[in-house]
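With the sequences and hints as input, model every part of the structure.
Protein chains: 2
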Amino acid sequence: MDVFEAISGRHSYRGEFIDQPVPRSDLEKIVQAGIQAPSGCNAQTTTFVIVDDPVVLAKMADLVPRPIMRAARAVITCIAEHRPVYKGKSFGIEDCAAATENILLAITALGYATVWIDGVLREGDRARQVAELLGVPADREVRIVLPVGLPKEHCKQREKQQFSERSWFNRYGAGKDREML
Amino acid sequence: MDVFEAISGRHSYRGEFIDQPVPRSDLEKIVQAGIQAPSGCNAQTTTFVIVDDPVVLAKMADLVPRPIMRAARAVITCIAEHRPVYKGKSFGIEDCAAATENILLAITALGYATVWIDGVLREGDRARQVAELLGVPADREVRIVLPVGLPKEHCKQREKQQFSERSWFNRYGAGKDREML
Numbered sequence: 001m002d003v004f005e006a007i008s009g010r011h012s013y014r015g016e017f018i019d020q021p022v023p024r025s026d027l028e029k030i031v032q033a034g035i036q037a038p039s040g041c042n043a044q045t046t047t048f049v050i051v052d053d054p055v056v057l058a059k060m061a062d063l064v065p066r067p068i069m070r071a072a073r074a075v076i077t078c079i080a081e082h083r084p085v086y087k088g089k090s091f092g093i094e095d096c097a098a099a100t101e102n103i104l105l106a107i108t109a110l111g112y113a114t115v116w117i118d119g120v121l122r123e124g125d126r127a128r129q130v131a132e133l134l135g136v137p138a139d140r141e142v143r144i145v146l147p148v149g150l151p152k153e154h155c156k157q158r159e160k161q162q163f164s165e166r167s168w169f170n171r172y173g174a175g176k177d178r179e180m181l
Numbered sequence: 001m002d003v004f005e006a007i008s009g010r011h012s013y014r015g016e017f018i019d020q021p022v023p024r025s026d027l028e029k030i031v032q033a034g035i036q037a038p039s040g041c042n043a044q045t046t047t048f049v050i051v052d053d054p055v056v057l058a059k060m061a062d063l064v065p066r067p068i069m070r071a072a073r074a075v076i077t078c079i080a081e082h083r084p085v086y087k088g089k090s091f092g093i094e095d096c097a098a099a100t101e102n103i104l105l106a107i108t109a110l111g112y113a114t115v116w117i118d119g120v121l122r123e124g125d126r127a128r129q130v131a132e133l134l135g136v137p138a139d140r141e142v143r144i145v146l147p148v149g150l151p152k153e154h155c156k157q158r159e160k161q162q163f164s165e166r167s168w169f170n171r172y173g174a175g176k177d178r179e180m181l
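Protein chains in written order, with our numbering: chain A, 1 to 181; chain B, 1 to 181.
Hints may contain errors.
Intra- or inter-copy, both count: the list cannot distinguish identical chains.
[As the list claims (entries may be wrong)] Quick list of in silico lysine-lysine cross-link-like pairs, DSS-like style, CA-CA up to 25 Å:
#: 1; residue 1: K29; residue 2: K156
#: 2; residue 1: K152; residue 2: K59
#: 3; residue 1: K29; residue 2: K152
#: 4; residue 1: K89; residue 2: K152
#: 5; residue 1: K29; residue 2: K89
#: 6; residue 1: K152; residue 2: K87
#: 7; residue 1: K160; residue 2: K59
Note that these hints are calculated values from the structure, not bench results. Given the structure is predicted, the values throughout are model-derived calculations rather than measurements.
Written as structure tokens, this is what we have:
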């Protein structure tokens, strides 16, 4: 799939999945896209646990209260490391987000669907509980989970603000004043 | 360009650029890819200033001490907003990183090159100085700058750790113990 087609077709999917497993060869191709994402100082801080064991999937769905977690035949867990890599600064969150975006595009290109689940993991002790389930070391943070499957419904990307509302040449908000005159 | 080709071809470029302007139509297509990135609660917190005015470019290069900033014929400035959007949580950094990754892939697909410049902006007062130059409001953070141009040299993506070193099925580090036996 063309990269611009993948970027404009990518969307958050919260619907039902077709009851069909996701082959490991596809899951590996998807996560490989995440591995190839940039990272601060090329420190490659993001790691991944791909869950496709039904027993572990059921436990994940117990811990992360989103209906789509129950329907997913696979869940990609994106794990951040907050180790400082440049003058005391960590880029663990950026690294993890960039890797996740590559993964979303790969999921789109292969005809699967997913949704970026993030904030709910940071409520209470959820991220730690998922980490314990998956054996993630204490110095790593389960930051994002991506339930993956073949979508039953066709969905589109949610509407975005226009280019002119979010981007300007040479000066923030350029042209806005003129429009207001 | 195929999305997997863009993902594996994307790389950080710090070399020289061909002395040729980057057409605004390409810059708009590139930034549009960033606009289409996901954001927490679809809050679309990331905004962009695209610098292609030589006077502003020279001032940017004074503020951000990286040789490639001096060579670039355009700089895309990615601006984060840290407004909480979900139960007091902000996803401004993730939003900005995901948008930047889309932009990097678009740059790759159109034959340009760039490098994600980030940490240096957070040294001293640099991000604020760039913000002032571009008229960015005080509640927004200049988070990432991307100098863009046509590369003089052909470069490849830096080597990444193998799939088996960064990803596992169902359990973190699965298979590692067996290898050590």
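Comparing the hints with the structure gives:
When the C-alpha separation of K29 and K156 is checked against a cutoff of 25 Å, the pair qualifies both within a copy, at 23 Å, and between copies, at 20 Å. Proximity of K152 to K59 under the C-alpha cut-off of 25 Å is restricted to the intra-copy arrangement: shortest distance 23 Å within a copy versus 52 Å between copies. Taking the closest pair of Cα atoms, K29 and K152 come within 25 Å of each other only inside a single copy of the chain (22 Å); across copies the shortest separation is 31 Å, beyond that limit. Taking identical chains as interchangeable, the C-alpha atoms of K89 and K152 are never at most 25 Å apart, the minima being 43 Å within one chain and 31 Å between chains.
Taking the shortest alpha-carbon separations for K29 and K89, neither the intra-copy value of 31 Å nor the inter-copy value of 32 Å comes in at or below 25 Å. Taking CA atoms no more than 25 Å apart as the test, K152 paired with K87 passes in neither setting, with 48 Å inside one copy and 30 Å between copies. Taking the shortest Cα distances, K160 and K59 never come within 25 Å of each other, neither inside one copy (35 Å) nor across copies (32 Å).
The structure fails to meet hints 4, 5, 6 and 7 from the earlier list, while all remaining hints are met.
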